[in-house]
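*Asks:* Dock chain W against the given chain V, drawing on the hints supplied.
Chain by chain, the residues run as shown.
Protein chains: 2
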Amino acid sequence: MSTYQTRRHALAAKLASENIALALFEDTEGRRDLSIRYFTGQPGDALLFIAADGRSLLVPWDMNMAASMAHIEDMVAYGDFKRSPYAAMAGALEHLGIQPGAVIDLPDVTPYPMYIEYVEACPDYDFRCTEAGASKHAAAMRAVKDADELAIYRAVAAITDAAMDEIEAGVRSGRLATETDIALFIERFLREKGCEAAGFDTLAAGPSRSFGIHCFPSYTAAAFATEGMSILDFGLSYKGYTSDVTMTFVKGKPDAKRTEMISLVRKAHREAIAACKPGVKSRDVALLVDGIFSEKGYVMPHGLGHGVGLEPHEMPAVRSREDNEWVLTPGHIITIEPGLYDTVAGGVRLEDDVLITETGATVLTHSRIVELG
Amino acid sequence: MSTYQTRRHALAAKLASENIALALFEDTEGRRDLSIRYFTGQPGDALLFIAADGRSLLVPWDMNMAASMAHIEDMVAYGDFKRSPYAAMAGALEHLGIQPGAVIDLPDVTPYPMYIEYVEACPDYDFRCTEAGASKHAAAMRAVKDADELAIYRAVAAITDAAMDEIEAGVRSGRLATETDIALFIERFLREKGCEAAGFDTLAAGPSRSFGIHCFPSYTAAAFATEGMSILDFGLSYKGYTSDVTMTFVKGKPDAKRTEMISLVRKAHREAIAACKPGVKSRDVALLVDGIFSEKGYVMPHGLGHGVGLEPHEMPAVRSREDNEWVLTPGHIITIEPGLYDTVAGGVRLEDDVLITETGATVLTHSRIVELG
Numbered sequence: 000m001s002t003y004q005t006r007r008h009a010l011a012a013k014l015a016s017e018n019i020a021l022a023l024f025e026d027t028e029g030r031r032d033l034s035i036r037y038f039t040g041q042p043g044d045a046l047l048f049i050a051a052d053g054r055s056l057l058v059p060w061d062m063n064m065a066a067s068m069a070h071i072e073d074m075v076a077y078g079d080f081k082r083s084p085y086a087a088m089a090g091a092l093e094h095l096g097i098q099p100g101a102v103i104d105l106p107d108v109t110p111y112p113m114y115i116e117y118v119e120a121c122p123d124y125d126f127r128c129t130e131a132g133a134s135k136h137a138a139a140m141r142a143v144k145d146a147d148e149l150a151i152y153r154a155v156a157a158i159t160d161a162a163m164d165e166i167e168a169g170v171r172s173g174r175l176a177t178e179t180d181i182a183l184f185i186e187r188f189l190r191e192k193g194c195e196a197a198g199f200d201t202l203a204a205g206p207s208r209s210f211g212i213h214c215f216p217s218y219t220a221a222a223f224a225t226e227g228m229s230i231l232d233f234g235l236s237y238k239g240y241t242s243d244v245t246m247t248f249v250k251g252k253p254d255a256k257r258t259e260m261i262s263l264v265r266k267a268h269r270e271a272i273a274a275c276k277p278g279v280k281s282r283d284v285a286l287l288v289d290g291i292f293s294e295k296g297y298v299m300p301h302g303l304g305h306g307v308g309l310e311p312h313e314m315p316a317v318r319s320r321e322d323n324e325w326v327l328t329p330g331h332i333i334t335i336e337p338g339l340y341d342t343v344a345g346g347v348r349l350e351d352d353v354l355i356t357e358t359g360a361t362v363l364t365h366s367r368i369v370e371l372g
Numbered sequence: 000m001s002t003y004q005t006r007r008h009a010l011a012a013k014l015a016s017e018n019i020a021l022a023l024f025e026d027t028e029g030r031r032d033l034s035i036r037y038f039t040g041q042p043g044d045a046l047l048f049i050a051a052d053g054r055s056l057l058v059p060w061d062m063n064m065a066a067s068m069a070h071i072e073d074m075v076a077y078g079d080f081k082r083s084p085y086a087a088m089a090g091a092l093e094h095l096g097i098q099p100g101a102v103i104d105l106p107d108v109t110p111y112p113m114y115i116e117y118v119e120a121c122p123d124y125d126f127r128c129t130e131a132g133a134s135k136h137a138a139a140m141r142a143v144k145d146a147d148e149l150a151i152y153r154a155v156a157a158i159t160d161a162a163m164d165e166i167e168a169g170v171r172s173g174r175l176a177t178e179t180d181i182a183l184f185i186e187r188f189l190r191e192k193g194c195e196a197a198g199f200d201t202l203a204a205g206p207s208r209s210f211g212i213h214c215f216p217s218y219t220a221a222a223f224a225t226e227g228m229s230i231l232d233f234g235l236s237y238k239g240y241t242s243d244v245t246m247t248f249v250k251g252k253p254d255a256k257r258t259e260m261i262s263l264v265r266k267a268h269r270e271a272i273a274a275c276k277p278g279v280k281s282r283d284v285a286l287l288v289d290g291i292f293s294e295k296g297y298v299m300p301h302g303l304g305h306g307v308g309l310e311p312h313e314m315p316a317v318r319s320r321e322d323n324e325w326v327l328t329p330g331h332i333i334t335i336e337p338g339l340y341d342t343v344a345g346g347v348r349l350e351d352d353v354l355i356t357e358t359g360a361t362v363l364t365h366s367r368i369v370e371l372g
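The listed protein sequences derive, respectively, from chains V and W. So for the first sequence, numbering that gives the first Met the number 0 puts the first residue at 0; every next one is plus one. So for the second sequence, numbering that gives the first Met the number 0 puts the first residue at 0; every next one is plus one.
Derived from the structure by calculation, the hints contain no laboratory data. Check before you lean on any hint, since a few could be wrong.
Pairs involving identical chains hold if they fit within one copy or between any two copies, as the list cannot separate such chains.
Restricting the straight-line Cα-Cα distance to at most 20 Å, the calculated cross-link-like pairs of lysine to aspartate or glutamate (EDC-like) are [said to hold, decoys possible]:
1) K276 <-> E324
2) K81 <-> E324
3) K238 <-> D200
4) K81 <-> D322
5) K238 <-> E191
6) K135 <-> E116
7) K192 <-> D180
Computed from a predicted model, the values in this text were never measured in an experiment.
The following block holds chain V by itself, in its conformation from the complex (with noise of 0.2 Å):
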């Protein structure tokens, strides 16, 4: 059975505990959700359908795509459909064999008024729109890497590392100047070593913008690493996988202020890390991490990191809000990215990839705060 077979079972078989006979998933622009390529391997625009009896369908709008990427049985053009979600999502009922009155789950994200057309459409089944549907079930299961994305997070690392090196010695001789230098450096390595993608929009941000958390735009032609402090923020996607670092350079001899940012930025890396392992609440990490800082009379901005996976924000969440109850189970990958901001100082951010093991964590990448002198 291919790794995508037994993802889509081990999903029907929570439909099925659930009463629940079909569940929808829709990857369309303004939509993404890349559960259809952690079930398919399609990495396209698509519907899929997966339901409790371990059947599956496919819509894809490319059927060529499809047809060189998708690992599944069962596939029909969108087209057939006539491109409209509510005549596939009929079509489905049909060629799956559902009956009538069974409990049918949408998307989370899907829109109001779409739900009401979904009803419409097929008004003899029972459609539900929860936040405790499918979609959590699939981000509950993406949380947790199975062998075949650990070994694919293991390689993004290693080029992550081996980028953040040569990013290094750039700046160091430099030969990367400017934010420009450093992201398309970035773009070029990362294709060279059989990358997809930059993760996400490479944030390089030279020491007039670093204050902001998420600089815009993500990079210009502005000088990087001058005196103050500079922050790259980057990812590499490697089989859809994307890393998630960010290292700091500091040029010139920081003042006091500067050097007390610095320090706590990488004590809270530091003892985050220490205390990351299984049964450990995510929240408590990110508790600990603001406590490091408070105590200084300093705060952070943002959450302590995020899960990382085919999306760069995924599940499990690892931030302070009281609505977070995440515990940390093996398999987990998440960012631990302590960062503080001034608007007279800069910023400065460390942030690493760290793997949730049986009994502690592994730090998978090496990010670190360059200090230029």
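*Replies:* Same frame as chain V, now just chain W:
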């Protein structure tokens, strides 16, 4: 009055005429809506409330960014609402003095579960979420470019033309030899010219991949413009507004099949643009192209075009589907992008951005099929 305020007042008048007291716009991860940039200048995560009396409230994630980029008087940080959209809604209703019983319009992409939570959080109000609400009004407003936007489009079209000239020269000289070479040339060029970013992922497909409508990955280390047909589809984002063009490069003497495909695409591009003028249904322009292709036994597997603006795909629709009721209007900027694809011969597409004027159409960009011999 700033352009942004003028736009907000125009929307407010529309709301008042439909007895809607307040409209919400949401620009967040997973539900990007550039309408907030259109109405305020703020390019990042935020909620925006516009009341029928013309008053507005922006709720940004990053107050530093908003202070420097948003043109609006009233702002409250999302953090002040504990980062909850429901708390922000309750706060906005109070802040703007909206009376109980009033009609509140939610974005048409609001997930069904969120709709239910808004209703539960603010039970004294009448929440609406339809495809005919403020989202649709904003899309219709954005489809007709105002004077500020037309000036931006003349600038981004000129930069895009300059990029195409340099790309053609670089390919002819052999300097740009791979998909990556071209994509990275564009990334560097656009920033040197003051653009923010690529308008979307550059699609560079050498002869072995050009049969796909949208190649995946978007570009690789593979050769470009070797024997056969290669497609380059890119756009530049200037002050937020994106161009969208496609060039095709033909290397070697094209065989009979390729010769026919190229000739048909050129004819379709020419005749479609000639047909564009105010009062014409965009569907009829698309049907004209369908006819040109079907007469020779070809089928185009995508729509003829689409509006461009703050997002690469905007209104009006330019396709032959029966539900397309758009009538071309002065100020519309649309793409015309006929293309034909064959798994053996490869693909050919020619795409330009076209402004509808009072009397006809002006082609803003100057794309081309480059025959390299």
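*Asks:* Each of the hints needs a verdict: does it hold here or not?
*Replies:* Results of checking the hints against the structure:
| no. | hint | verdict |
| --- | --- | --- |
| 1 | K276 <-> E324 | within (15 Å within a copy, 57 Å between copies) |
| 2 | K81 <-> E324 | between (42 Å within a copy, 17 Å between copies) |
| 3 | K238 <-> D200 | both (17 Å within a copy, 18 Å between copies) |
| 4 | K81 <-> D322 | between (42 Å within a copy, 11 Å between copies) |
| 5 | K238 <-> E191 | within (14 Å within a copy, 32 Å between copies) |
| 6 | K135 <-> E116 | between (23 Å within a copy, 17 Å between copies) |
| 7 | K192 <-> D180 | both (18 Å within a copy, 15 Å between copies) |
In terms of the numbered hints stated before, the structure departs from none.
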